[in-house]
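Participant: Residue numbers (my numbering), protein chains in the order written: chain A, 1 to 316; chain B, 317 to 410; chain C, 411 to 652; chain D, 653 to 1206.
Please keep in mind that the hints were generated in silico from the structure rather than gathered at the bench. One thing to keep in mind: the hints can contain errors.
Calculated Cβ distances over 10 Å to all of chain C for the following chain D residues [as the list claims (entries may be wrong)]: (1) Leu762; (2) Lys1077; (3) Leu1192.
Here's a subset of chain A near chain D, in silico, CB distances under 7 Å, partners left out [claimed, not checked]: (4) Glu25; (5) Phe31; (6) Thr33; (7) Phe43; (8) Arg48; (9) Tyr88; (10) Gln154; (11) Ala167; (12) Asn185; (13) Gly247; (14) Pro249.
As a list, the in silico DSS-like pairs of lysine-lysine whose alpha-carbon atoms are at most 30 Å apart [to be verified]: (15) Lys170/A with Lys291/A; (16) Lys490/C with Lys541/C; (17) Lys276/A with Lys106/A; (18) Lys406/B with Lys291/A; (19) Lys106/A with Lys291/A; (20) Lys406/B with Lys106/A; (21) Lys133/A with Lys106/A; (22) Lys170/A with Lys106/A; (23) Lys133/A with Lys406/B; (24) Lys276/A with Lys291/A; (25) Lys170/A with Lys133/A; (26) Lys406/B with Lys276/A.
Keep in mind that this is a model prediction, so the values were computed, not measured. Glycine included, each C-beta is placed from N, C-alpha and C at the ideal position.
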Amino acid sequence: MWNFPLFPDQASISARQVDALYFFELCMAAFFTILIFILIVSFAVRYRRGTQVDRSHPPVVSRWMEVIWIGVPLFLGLTMFTWGAILYVRDYEPPPGALEVYVVGKQWMWYVQHAEGRAEINELHVPLGQAIKLTMTSQDVIHSFYIPAFRVKQDVVPGRYTSLWFAPMKVGRYHLFCAEYCGTNHSGMVGWVSVMEPVEFQQWLSQAGTGPSVAEQGERLFVQYHCAGCHQGSQIVHAPRLEGVYGRPVPIQQGNEVHFTLADERYLRDSVLEPKREVVAGYQPLMPSFKDQISEQDLLKIIAYIKSIGAKEATR
Amino acid sequence: MPVWTLVRIFIILLVLLFATVGGAYLPLGPLHFPVAMTIAVAKAVLIVLFFMHLLYSHRLMMVVSVAGFLWLAIMVALTLSDYQSRDWLKIPGK
Amino acid sequence: MTMEPVTADRRSAGKPIAAEDEPILEVQFDDLEQQHEASMLGMWLFLATEVLFFGGLITSYAVYRSTSPREVALASHHMKVGLGCLNTVILLGSSLTMALAVRASQLRAHRDLLWWLGGTMVLGTLFLGVKAIEYTAEYQENLVPGWNFQIPEENRATIEQEQLNPGRFQMFFVLYFFMTGLHAIHLIIGIALVGVMAYLSWRRWFSGGGATQIEVTGLYWHFIDIVWVFLYPLLYLIDVHS
Amino acid sequence: MSAVAVEFQEREDYLQEYTLKSWLLTTDHKRIGLLYMATITLFFFIGGATATVMRLELMTPQGDVLYSPDAYNRLFTMHGVVMIFFFLVPSIPAVLGNFLIPIMIGARDLAFPILNLLSWYILMIGGAIALWILIFGGIDTGWTFYTPFSTMFSNTMVVPAAAAVFITGFSSILTGLNFIVTIHTMRAPGMTWFRLPLFVWAIYATSLIQVLATPVVAIAIALVAVERVLRVGVFDPALGGDPILFQHLFWFYSHPVVYIMVLPGMGVVAEIVPCFSRRPIFGYRFIAFSSIAIAVLGFLVWGHHMFVSGQSMYAGMIFSMLSYLIAIPSAIKVFNWTATLYKGSVRLDTPMLYALGFIGLFTLGGLTGLMLASLAIDVHVHDTYFVVAHFHYIMVGGAVMAYLGGIHFWWPKMSGRMYNELLGKLSALIVFIGFNLTFFPQFVLGYLGMPRRYYEYPPEFQVLNVMSTAGASILAVGYVLPLVYLLLSLRNPPDAGPNPWRATGLEWQTTSPPPVHNFDEPPVVMEDPYAYSPEAAEALDDNGTGDGGSTLRR
């Protein structure tokens, strides 16, 4: 009964950093609360009615005291802001080479898709010591992907991608919660994150029942949705080749001007759903929109495929 | 306030209205919006100062009338600060 | 028309009866000046509230226009610029008549007051009439979201070609109808208010000519005008030259 | 002294008429204040009942008390809607503000008495709709109405709830407008701005927020209703909308609304602390201006509710930094109140106990608020019980403590009667202990990662939840107790006298209960506020009265 936890597991690098800031702020909060408490109690006791103490000329204003209790909170506040902001930026900027995992939230479950092909529901298996980048979207309402042990959280918003990364540092099973209220079974939209030794993780990935990798599935969909017809060596339709596109700037025709846009997940998603908005310079806006034609899960797989051929050299 | 002043303000307002409409048909490029808004603000100021007698009222009323628009500006500015800076970082969702 | 000077007994017994043809001093106030200033300040504060009331819509408009300029511009081509301009003239004219009514009430020019208040109501109603013509035309063009909205034939190709977001195209009309509709509701309230003032002035109900009441009504009326002064360029004149 | 008291009691006071009509058609600000008090007491206990059932449900990790998560979701939504829109927002401004503002500035009534009555009726209409929702189906969106859940997915009474919030908003706006006009135009001769009691300053700042913020939530909620009824896209991404825009509009009101709730409480504390320390308040001008600063800065920080919402990182940083600025006026207030005890002549009567409780709880609530404004910490604790604990420290530990303190302080003025002091102190103590036991464990739960609005939770969180539920039951006793003894005190003859606390301020210079138009003669203000003297209080004590010259009866 008495062995309940009072502090969450520290299972990622950022957890340690966030906790350091948390303890700093906690000490400050405790210091000021206790300071005020002691002052109130000691004044109330010392100056309670009937005690023989000096009450002459009670001060009614003191400039320098006001300056102190404006200046000190301001300084501490800005410290907290700077420290918090630095960690915040680190929390969302994934290091290069992070392992890609795709997440789709829907009422009331998490659909998780590994780049290597294995998909899971309400579970997320990750290897120890490796940076993991999640690209997430929702099919219906706003959800929020929350792993307390890693101190990370990000709302999952319908209609767009959001992202999150973490680097697990401790083997174990940790809670996965939906933190944004999403309807009836909000409290049932929970799961587990399993951090495994890299070797075990590889075994898990290749266990029976594993289908083709996401990129392979994406490749199949790439043909199924007739993307390949134009984007792979067609002689009839002139469409840009996609090898080596991901992560590089692409020239976009806008009126008479050309400007460059980074081909990231956002660009690829928009190019599938609204292809005529950002057309690569030198090509005709011929591609039809796939809006309402393709599910979020399939779209993620196709993007994973395009990313997988991103590393290859474009062959013309 | 003399009738003539009010009528004169009305005429200026009409002129400004036609300036807005005319300006909209000119090829001003990105200047359309600022021009249209400047004229609209000018019209609003004239109405407030003369038709609504703010010029002859207590200074407090002036503060109140500015406050409404100032708070609107705060709301629009801080909201747009989010939307305008959304794609600055190439991180999805940030 | 009854000419009895009126009021103390007609309103509430027990309040101090002011000298004839002086505004009634409500019991909570010390003097007429204080009472007048309180009324004016109250109305100005209410107008500040109103600015923020429309402000929520203006913010939504700013967000959607800045993130989808092309869709908004395309959609705004369906606005009737001429009718909107005519309506602006009408509403500016009504502001002039309202200002003249306020002036007449201060000068105790009773007949003029009634004429100007009547003129204001007529112009306000005229505005609503023109607005109704616009709404009808938009209804016939199937542009009313939630009722019969369809993306017009001539825009479909463009939207398809440039891969625009049809939702944002419709969004312009949602905001258009919400903003102008809210404005029209304010105008209807304004006309009713002016009507009540005209009726009460006609019955000589106001002790002291009702200058404060009519001035406060005037403030509200001019505010409606100001809202339109901004709505017109924001909704109608986005992209007319192309 | 007693002769004077008798003479006072023979005169008519504002409570003299007792017909139903005299209450429902009154334009007397004092009676309207009491109408509000009755209304919000009802809503407080409705909101409290929903909270009690929720806490019972959360005693065990499984859902067992309520059988269905839908019931739980409706309960916490109704708890939020009722407590915020129908209790906290009208609590101190509409009850104590209505009763006291005109008296404190030496006026006969508010500037627009009929409008004031109208505000109450508007609240009643909104409240009636809320009760109707509560009885016939409920709503499950949370009080935040986040889109697209509220517009496209919820199957509950969202539109009536939107109507209730929309309508009630106007009650709040009109009340605030009335106060601002009154404070500006109707101060008694000699009542300069820097002689105003700090309660008036606080209510003035509150009213600014009410007038400038409330219309925005009204329009946001109207847009939700439009999207829901007409199925057009305003916020739904499937139809071209942006759900984050709703959050912007919503929090533009709903962050400042926190200050609508707590600023008046700060005003109450600034009245009580000097009176029971028998000395002038420390740093009057700093406290006065910090109220205005809070009102203004409160509008610039709403994005700190959206750090993980998908808002841009830069906007997050702007809002985080601005959030730290608002800590400063709050710190100024806390330190100045504390310094006011120094060299005073302190007595711990019931109102003072509540006020000191407020200072302590508000300090902790405010400091945890700073932790939440810290970006990286907020990523972890956003939407967890840490947030729940934080805002309950501000709203229950802050606003409700101050409201109860104010009610105890001005009860003799409102009713003319004293309450049982022993029970009063007991209730203050029970509330303080119960409150901390309820909400302190929630900080721990929050950092452990328990998300809010959870019907079921992992079993390792149970012990802390049981502690919280136990605290809630103590808290419930603490809240029922004042209702009982305050109502019982009405059976006594009006014996409080005009000034039982020997307080300064115009409200104590008229009789208890005050006459219909507040003063027999128009007051003229000659001195600064809080002209107390600790030495005089001690000297009076030496005369053998034993209670600092208070006319208080035991």
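Participant: If a hint holds in the structure, say so; if it doesn't, say that too.
Facilitator: Structure-based check of all given hints:
1. Leu762: violated (7 Å)
2. Lys1077: holds (38 Å)
3. Leu1192: holds (37 Å)
4. Glu25: Hint on Glu25/A: holds, closest Cβ of chain D at ~5 Å, below 7 Å.
5. Phe31: violated (9 Å)
6. Thr33: holds (5 Å)
7. Phe43: Because about 4 Å separates Phe43/A from the closest Cβ in chain D, which is inside the 7 Å limit, the hint holds.
8. Arg48: At about 5 Å, which falls below the 7 Å cut-off, the nearest Cβ of chain D leaves the hint on Arg48/A intact, so it holds.
9. Tyr88: For Tyr88/A, the interface hint holds, since the closest Cβ of chain D sits about 4 Å away, which is under 7 Å.
10. Gln154: Cβ of Gln154/A sits 5 Å from chain D, so the hint holds.
11. Ala167: Result: violated, 15 Å to nearest chain D Cβ.
12. Asn185: holds (6 Å)
13. Gly247: violated (20 Å)
14. Pro249: With a closest approach of 21 Å, the Pro249/A hint is violated.
15. Lys170/A with Lys291/A: The given pair, whose Cα atoms are some 41 Å apart, is violated under the 30 Å limit.
16. Lys490/C with Lys541/C: Holds, at roughly 10 Å.
17. Lys276/A with Lys106/A: Holds: Lys276/A and Lys106/A sit about 29 Å apart, inside 30 Å.
18. Lys406/B with Lys291/A: Holds, at about 23 Å.
19. Lys106/A with Lys291/A: holds (19 Å)
20. Lys406/B with Lys106/A: holds (25 Å)
21. Lys133/A with Lys106/A: holds (20 Å)
22. Lys170/A with Lys106/A: Status holds; Cα separation ~29 Å.
23. Lys133/A with Lys406/B: holds (14 Å)
24. Lys276/A with Lys291/A: holds (12 Å)
25. Lys170/A with Lys133/A: holds (17 Å)
26. Lys406/B with Lys276/A: holds (21 Å)
Going through the hint list in order, the structure does not satisfy hints 1, 5, 11, 13, 14 and 15.
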